Amino acid sequence: MTDPVIAVRGLTKRFGGRAVVDSVDLEVERGQIHGFLGPNGSGKTTTIRLLCGLLVPDGGQGTCLGYDIRRQSWAIKQRVGYMTQKFSLYEDLTIRENLDFVARLYALPDRRIRVAAALDRLGLADRRDQLAGTLSGGWKQRLALAACILHEPDLLLLDEPTAGVDPKARREFWDEIHALAADGMTVLVSTHYMDEAERCHRIAYLAYGRLLATGTVEQVVQGSGLATWHVSGPDRQIAALARDLSGRPGVEMVAPFGATLHVSGGDGARLDAAVAAFQQMPDLRWSRGLPTLEDAFIHLMGGARDNFAAAPTAARRSGP
Amino acid sequence: MSRRFSLSRLLAMIIKEFIQMKRDRLTFAMMVGIPVLQLLLFGYAINSDPKHLPTAVLAQDNSPFSRAIIAGLQTSDYFRLTRTAATVTEVEDLVARGRVQFAVEIPAGFGRDLLRGDHPALLVIADATDPAATGNAVGALQRIVDSALTPLLDGPLTALAPVSGPVEVRIHRRYNPEGLTQYNIVPGLVGTILTMTMIIMTALAVTRERERGTMENLLAMPVRPLEVMLGKLAPFILVGAAQVMVIAAAARLLFGVPMVGNPAVLALGMVVFISANLTMGFLFSTLARNQLQAMQMSFFFFLPSILMSGFMFPFRGMPDWAQAIGEVLPLTHFLRIVRGVMLKGNGLPEIWPELWPLLLFLLAVSALAIRRYRQTLD
Ligand SMILES: Nc1ncnc2c1ncn2[C@@H]1O[C@H](COP(=O)(O)OP(=O)(O)O)[C@@H](O)[C@H]1O
Ligand SMILES: [Mg+2]
Numbered sequence: 001m002t003d004p005v006i007a008v009r010g011l012t013k014r015f016g017g018r019a020v021v022d023s024v025d026l027e028v029e030r031g032q033i034h035g036f037l038g039p040n041g042s043g044k045t046t047t048i049r050l051l052c053g054l055l056v057p058d059g060g061q062g063t064c065l066g067y068d069i070r071r072q073s074w075a076i077k078q079r080v081g082y083m084t085q086k087f088s089l090y091e092d093l094t095i096r097e098n099l100d101f102v103a104r105l106y107a108l109p110d111r112r113i114r115v116a117a118a119l120d121r122l123g124l125a126d127r128r129d130q131l132a133g134t135l136s137g138g139w140k141q142r143l144a145l146a147a148c149i150l151h152e153p154d155l156l157l158l159d160e161p162t163a164g165v166d167p168k169a170r171r172e173f174w175d176e177i178h179a180l181a182a183d184g185m186t187v188l189v190s191t192h193y194m195d196e197a198e199r200c201h202r203i204a205y206l207a208y209g210r211l212l213a214t215g216t217v218e219q220v221v222q223g224s225g226l227a228t229w230h231v232s233g234p235d236r237q238i239a240a241l242a243r244d245l246s247g248r249p250g251v252e253m254v255a256p257f258g259a260t261l262h263v264s265g266g267d268g269a270r271l272d273a274a275v276a277a278f279q280q281m282p283d284l285r286w287s288r289g290l291p292t293l294e295d296a297f298i299h300l301m302g303g304a305r306d307n308f309a310a311a312p313t314a315a316r317r318s319g320p
Numbered sequence: 001m002s003r004r005f006s007l008s009r010l011l012a013m014i015i016k017e018f019i020q021m022k023r024d025r026l027t028f029a030m031m032v033g034i035p036v037l038q039l040l041l042f043g044y045a046i047n048s049d050p051k052h053l054p055t056a057v058l059a060q061d062n063s064p065f066s067r068a069i070i071a072g073l074q075t076s077d078y079f080r081l082t083r084t085a086a087t088v089t090e091v092e093d094l095v096a097r098g099r100v101q102f103a104v105e106i107p108a109g110f111g112r113d114l115l116r117g118d119h120p121a122l123l124v125i126a127d128a129t130d131p132a133a134t135g136n137a138v139g140a141l142q143r144i145v146d147s148a149l150t151p152l153l154d155g156p157l158t159a160l161a162p163v164s165g166p167v168e169v170r171i172h173r174r175y176n177p178e179g180l181t182q183y184n185i186v187p188g189l190v191g192t193i194l195t196m197t198m199i200i201m202t203a204l205a206v207t208r209e210r211e212r213g214t215m216e217n218l219l220a221m222p223v224r225p226l227e228v229m230l231g232k233l234a235p236f237i238l239v240g241a242a243q244v245m246v247i248a249a250a251a252r253l254l255f256g257v258p259m260v261g262n263p264a265v266l267a268l269g270m271v272v273f274i275s276a277n278l279t280m281g282f283l284f285s286t287l288a289r290n291q292l293q294a295m296q297m298s299f300f301f302f303l304p305s306i307l308m309s310g311f312m313f314p315f316r317g318m319p320d321w322a323q324a325i326g327e328v329l330p331l332t333h334f335l336r337i338v339r340g341v342m343l344k345g346n347g348l349p350e351i352w353p354e355l356w357p358l359l360l361f362l363l364a365v366s367a368l369a370i371r372r373y374r375q376t377l378d
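In order, the protein sequence lines correspond to chains A and B. Once you know that position 239 of the first sequence is 239 in our numbering, the rest is easy, because the numbers rise by one and skip nothing. Once you know that position 235 of the second sequence is 235 in our numbering, the rest is easy, because the numbers rise by one and skip nothing.
Heads up, some of the hints might be wrong.
Derived CB-CB ranges, DEER-like [what the hints assert, rightly or not]:
1. A:G302 / B:F299: 52 to 58 Å
2. A:G16 / B:M245: 49 to 55 Å
3. B:I237 / A:Q72: 33 to 39 Å
4. B:G33 / A:I113: 39 to 45 Å
5. A:P167 / B:E211: 28 to 34 Å
6. B:R374 / A:D272: 54 to 60 Å
7. A:R71 / B:R371: 52 to 58 Å
8. B:R371 / A:A182: 53 to 59 Å
9. A:G137 / B:W352: 56 to 62 Å
10. A:A240 / B:E211: 50 to 56 Å
11. A:D126 / B:L268: 47 to 53 Å
12. A:A182 / B:F299: 52 to 58 Å
13. A:I113 / B:R371: 35 to 41 Å
Only pairs whose alpha carbons sit at most 20 Å apart, straight line, appear in this in silico SDA-like list of lysine to any residue [to be verified]:
14. A:K140 / B:T87
15. B:K344 / B:P258
16. B:K22 / A:E91
17. B:K51 / B:A86
18. A:K86 / B:T376
No wet-lab data here; the hints were simulated from the structure. Bear in mind that the values here come from a model prediction, so they are computed numbers and not experimental data. C-beta atoms are modelled at their ideal positions from N, C-alpha and C, and glycine is treated no differently.
Produce the entire structure from the sequences given, and follow the hints as far as they go.
Next comes the structure, spelled out in structure tokens:
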């Protein structure tokens, strides 16, 4: 068993007194693709920046690639590839000029060969002399990925790399990430897309700066403790049922997925009691189902919000 | 890979900055445009050789010599007799209120003294508030007076002819005792243009990275603040050198400013001065939150530089506190270096007293800028 690539405990970051990242414990094993999920503003970007030394934590400690995140960020920067959420290469440089710049910054030997290889690997060769600012979203992501794998880092930190990219480009991007992981790179990737979460070995779910769940997708779904019924039937009746059920005690979520209605609640017994009256209705087929990952997240976030509102001081608790 | 300083990383920064500068047409135009514009503006003021300047005459002597001088002034292009004054106070008043640019006072007994060979004084008061306006006229005065008198000083009076100078033209410059001339302004212009463009350019160069979001990527990569700073400054040193050459060429071709001293000594002073300004701009960029603030800081620095360096007003004419501020500004020392080398032929030993304050400024500001440069996004 090798040491984890990322191992942090109690990671905390405050902005203006507000804990934006609050006592986060995170472990990522070598060679894994670790998904990082959570609503906007939940602290994903901030956590990633803490990991690669771009921000100094207010609390907590840990290591990244075996280096202390507080004191050895210089060493971390050599071995990490960070792809920022917003495109942050130079728009007034061409693709090749950007890559040359990065290669020189890392003082890479065989710069020309490496840049050419990166261009080929990501299919950028034909556009190598195009200004980065004139590229569309998908090409920009590829360029950004090419730039951050150029120095063959051990850890890739990808912050919402596929936001606003079309499905085909997204698919190709993920194929590439899997290929990189197969080569031994460890990847921490934040995303909003559920299908992408399912392509990760493990995921971590963050809300309001707190880590609410980690594990494989199945573990997170099961760990949410959510009970779910799937109901199918004629559209009109499903719509009426959705109206009737929402807001009943024990029913947390009522969400139509095509012709199927997902009805879920955190407390299985109360959920069953709430839906019992509707199960006799004709034309409706009821079956116990698994909640989707999205259901689990929404459920987790709801719980976190309640905690957050009930104990606002908890957010200000200082780290060890 | 070296921890402290790496030439490869510096080279990466420099190449990147050069490419960006090449693509930034507007900035490029500005860097060439500002010196050209300033040169034209100042050059016009210098080049325009004002003629027909309003002149008052106070003639307390009515000899043929006095009349010849007055006639000589009138026929010269420079002076236009607009007033005749009766008393000295009237003359003073006319000059003080700006009614005339010059007042010529011919003292009583002028003709008699001239004949006796006493070299009487012809007093000329010049309103030198705008030295460019009076410079040429003042320069022409003695010649005008001499040639006006020559025809009268023949025969037995040949001994008094202009070889020995029959009349002493005594010029009182008012309001601007140093009497700056174009020789003074053009070298000063070099320093002013460099101060303005160098500081603004660098101040913008780093804030632009922050505003465009590229700073995050730069910070995530292993690069030292010193490498970033030097990388950003290097291209501008060349730009500064180019500006200097444009101005120097213009100074020589258009305005005939001499280059008495050693150009290499001047170049040394320039490089130090340019670097001092660039680091100042870099420091501003580490303080400014956005490009507007960077711009404002630059102007905040530029203004005292222009006013208190001796470019606009004679340095020795300023109150002590202003001189104290002036001594801190790079432009002050640079002006002395440029004028010293170009006009007086100063060498390294003579400019050293001005060079070391520049070096000190450069070092202090660099150290401050490096300290202020944040390696995190906090
Ligand atoms: N530099 C900063 N100063 C103040 N607040 C910040 C800063 N960076 C992020 N925040 C706040 O921290 C919270 C978490 O932001 P972020 O980490 O970007 O979330 P995510 O990436 O999950 O969307 C947000 O509320 C954001 O407004
Ligand atoms: Mg984010």
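- Message: Checking each numbered hint in turn, tell me which of them this model violates, lowest number first.
- Response: 7, 8, 14 and 17
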